Amino acid sequence: MPDVLDASPYDALLLLSFGGPEGPDDVVPFLENVTRGRGIPKERLKEVGQHYFLFGGVSPINDQNRALLDALRKDFAEHGLDLPVYWGNRNWAPYLTDTLREMVGDGRRRILVLATSAYASYSGCRQYRENLADALAALESEGLELPKIDKLRHYFNHPGFVEPMVDGVVRSLAELPEEVRDGAHIAFCTHSIPTSAADSSGPVEEHGDGGAYVRQHLDVARLIADAVRERTGVDHPWQLVYQSRSGAPHIPWLEPDICDHLEERQAAGVPAVVMAPIGFVSDHMEVLYDLDTEATAKAEELGLPVRRSATVGADPRFAAAVRDLV
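Using the numbering used here, you'd call the opening residue of the sequence shown number 1 and step up by one each time.
Everything labelled a hint here was simulated from the structure, so no lab data went into it.
Model, not experiment: these values are computed from the prediction.
There's no promise every hint is true.
[What the hints assert, rightly or not] Each computed DSS-like pair below joins lysine-lysine, with the alpha-carbon atoms no more than 27 Å apart:
{"id": "1", "residue 1": "Lys-298", "residue 2": "Lys-46"}
{"id": "2", "residue 1": "Lys-42", "residue 2": "Lys-151"}
{"id": "3", "residue 1": "Lys-74", "residue 2": "Lys-148"}
Use the sequences and the hints to build the structure in full.
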């Protein structure tokens with residue numbers, strides 16, 4: 001029987017995520033939630049939803065989160081950590097407000113939040129805090145006793161988050177044809193955001209251009225590249241690149257885009273590329289469509305061998321990292 005670990009002062013963990021549709025009928029309502037307040041016509045949302053319709057209208061993020069819930073509960077039980085785990089989303093069921101209402105009904109009074117975003121940014125950090133504040137305001141309007149809530153620190157550089165990605169890159173390199181493997185370039189991929197948002201993620205004076213958002217990704221990329229070199233004996237060139245840009249074209253966003261980057265690498269004579277989606281905890285539509293579909297099609301068009309490495313997902317080491325951070 002494992003020793004009992006003390007999670008005090010917390011009496012529950014809340015897995016907080018983005019949410020995603022679970023069938024074709026969910027796609028447009030989900031996108032309406034995502035874009036609420038922006039006045040985007042429903043017809044335009046149907047166009048945007050084509051990415052989801054290609055996959056049956058289902059985002060993989062929900063099943064990934066269910067698997068992570070199971071992994072967290074299993075790890076906590078095996079190590080004697082008596083901390084119930086709940087799940088709530090920003091944009092789809094189970095909605096955050098509903099989950100918090102359930103937690104209050106279960107008597108939870110001190111909640112620790114794990115967001116499925118490892119880095120500093122508005123959408124990955126501050127917006128989740130705003131979502132929590134809105135949910136608490138809704139519960140207060142219902143006359144419910146409000147719990148105290150803290151958010152787990154950014155975990156981008158925790159070994160339990162980094163090591164599974166190292167394994168993924170090493171596996172992807174091994175899948176490349178032997179004649180191009182040692183010359184392969186690693187493209188570390190993350191979600192592009194407006195440069196103004198990146199600069200506001202942490203002091204530019206401290207972190208350099210792109211603020212904490214870019215600096216944290218560069219730190220993780222270096223950790224992975226160094227570990228891959230130690231494992232393979234090959235010093236693969238690498239670069240941080242971006243994907244999934246949206247918004248008005250006149251607003252500057254972080255670059256280069258992954259598809260442009262593939263063209264540049266092919267023109268430079270690079271024999272192969274591994275795309276490593278370090279900006280994403282698990283597979284979801286930005287990974288399945290922007291990398292596995294769009295970027296992979298671009299690589300095939302260029303005649304460039306490419307592999308996409310796995311995200312962390314429900315890796316037991318990540319579950320152990322969460323326990324460590326609790």
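Status of the hints after comparison with the structure:
1. Pair hint Lys-298 plus Lys-46 holds up; C-alpha atoms about 24 Å apart against a cutoff of 27 Å.
2. Distance restraint check for Lys-42 and Lys-151: the Cα-Cα separation of roughly 34 Å exceeds the 27 Å cut-off, and the hinted pair is therefore not satisfied.
3. Distance check on the hinted pair: Lys-74 and Lys-148 sit about 25 Å apart at the alpha-carbon level, within 27 Å; holds.
The earlier numbered hint that this structure contradicts is number 2, and it is the only one.
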